[in-house]
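Asks: Sequence:
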Amino acid sequence: MTPARADGGSTVVHGRPEFTGRIEVRGLTKRFGSLTAVDHLDFDVEPGRVTGFLGPNGSGKTTTLRMLLGLVRATAGTATIDGHRYAEIANPLTVVGSALEATNFHPGRTGRNHLRVQAAVAGVPDSRVDELLELVGIPAAARKRAGGYSMGMRQRLGLAGALLGDPRVIILDEPANGLDPEGIRWLRGFLRQLADEGRTLLISSHMLSEVEQTVDDVVIIANGQRVAQGTVAELRGEPTAYVRTSDPDRLSEALRGRGLSVTPSGRGLRVTTEDLAVVGDVAHASDVAIHELRSEQTHLEELFFNLTEDEAHRNRLLGLDAPAAGGVPGDLPPPSGPPIDPALLVEPTPPAPPADHTDHEGDAR
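Heads up, the sequence shown is in this note's numbering, so the first residue is 42 and it goes up one at a time.
The hints are simulated quantities; they were obtained by calculation from the structure and are not laboratory data. Note that the structure is predicted; figures quoted are calculated from it, not measured. There may be inaccurate statements among the hints.
Stated by the list, open to error - Pairwise CB distance ranges, derived in the manner of DEER restraints: (1) Arg-226 with Thr-304: 33 to 41 Å; (2) Leu-317 with His-247: 32 to 40 Å; (3) Ala-181 with Arg-67: 39 to 47 Å; (4) Arg-184 with Asp-221: 41 to 49 Å; (5) Gly-124 with Val-319: 23 to 31 Å; (6) Arg-297 with Asp-83: 52 to 60 Å; (7) Ala-330 with Glu-275: 45 to 53 Å; (8) Lys-185 with Pro-222: 37 to 45 Å; (9) Asp-171 with Pro-280: 18 to 26 Å; (10) Glu-343 with Thr-304: 15 to 23 Å; (11) Gly-111 with Pro-280: 36 to 44 Å.
Glycine included, every Cβ here is placed at the ideal spot set by N, Cα and C.
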């Protein structure tokens, strides 16, 4: 399969079967003086899949991507592509394509000339430039100066630059920023086609609802450490039903008798099933009145905030000056969605001691 152009056409992709494009991050650490931006980070990104790289502002996402691309030197640990650091890859633009900043263009240079300069550095023929401008849907803007581009046009130009060398690994930071709904839908399909060709895609984004529709795997970090990794389905857990009834003990026993998993949840029960009719039928057969019955599925946004917000921030959002034990009053409604599988979570390591030297490279974004 070849990636679809914005006008419905296609482009030729030249494969490199000897190169898998697997990304491995092991013990990756970056300190800026006394600040630890990335702290012993471990994760993998597999070929043929779109992996979302998520975390709050200041969590270390951008610093991690810059270390992976050789733009910032790691304090400790490794970030490799097919077992090689970025600096060890010959002609890296033909192996790894990236777009980290949508504003990284000379404002007085046209979109075509910007790509031609990049193509010359990578040894890519000029014909590839026009092919990619067509591919990302901005051929009409090719002769306009990049300083007059909208954010969405800049994003498309950055994506074209990332694909110039026909790379097997593609790393994008917030690629949907500035795109209108039609552009986001196009981007979603475009990234899927690239992954279906066996390419490795690592996508950093804060647009969680969009990420949920785009990615296969998710890596979530907070305070420079990984807090969860898995497929979207694994992290969301099994769909469940929440039921509140006049006689929870009786209904619980009846549901278990039907082979269903039942756990108490606030003032009701959580049942591992997506079929609400089953719960209703069991309650009716048991002569138990139902006060509330709804299906539940943890969304990526909810999971993200549950894993990355600290207790003090949650209390501020709830307007609690003096939180109860555990930080949340007991009379609040139960959270929606099933519990998170503990196997997918990572216990944070103790903070590393401050380095005894100062490294002024980069910034700790």
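Asks: State for each hint whether it applies.
Replies: Evaluation of the provided hints:
1. For Arg-226 paired with Thr-304, a C-beta distance near 38 Å keeps the hint of 33 to 41 Å intact.
2. Between Leu-317 and His-247, the C-beta spacing of about 33 Å keeps the proposed range 32 to 40 Å intact.
3. Taken as a hint, the range 39 to 47 Å holds for the pair Ala-181 and Arg-67, whose Cβ atoms sit roughly 45 Å apart.
4. Checked against the given bound of 41 to 49 Å, the beta carbons of Arg-184 and Asp-221, roughly 22 Å apart, lie outside it.
5. At roughly 50 Å, the beta-carbon separation of Gly-124 and Val-319 lies outside the given 23 to 31 Å, and the hint is violated.
6. Range check, Arg-297 to Asp-83: Cβ separation about 39 Å, and the 52 to 60 Å hint is violated.
7. Remark: the range hint 45 to 53 Å for Ala-330 to Glu-275 is contradicted by a beta-carbon distance near 36 Å.
8. Taking the beta carbon of each, Lys-185 and Pro-222 are about 23 Å apart, not inside 37 to 45 Å as hinted.
9. In this structure the hint that Asp-171 and Pro-280 lie 18 to 26 Å apart at CB is violated, the actual value being about 47 Å.
10. The supplied range of 15 to 23 Å is met by Glu-343 and Thr-304, whose beta-carbon atoms lie about 18 Å from each other.
11. Gly-111 and Pro-280 have their C-beta atoms about 43 Å apart, which keeps the hinted 36 to 44 Å range intact.
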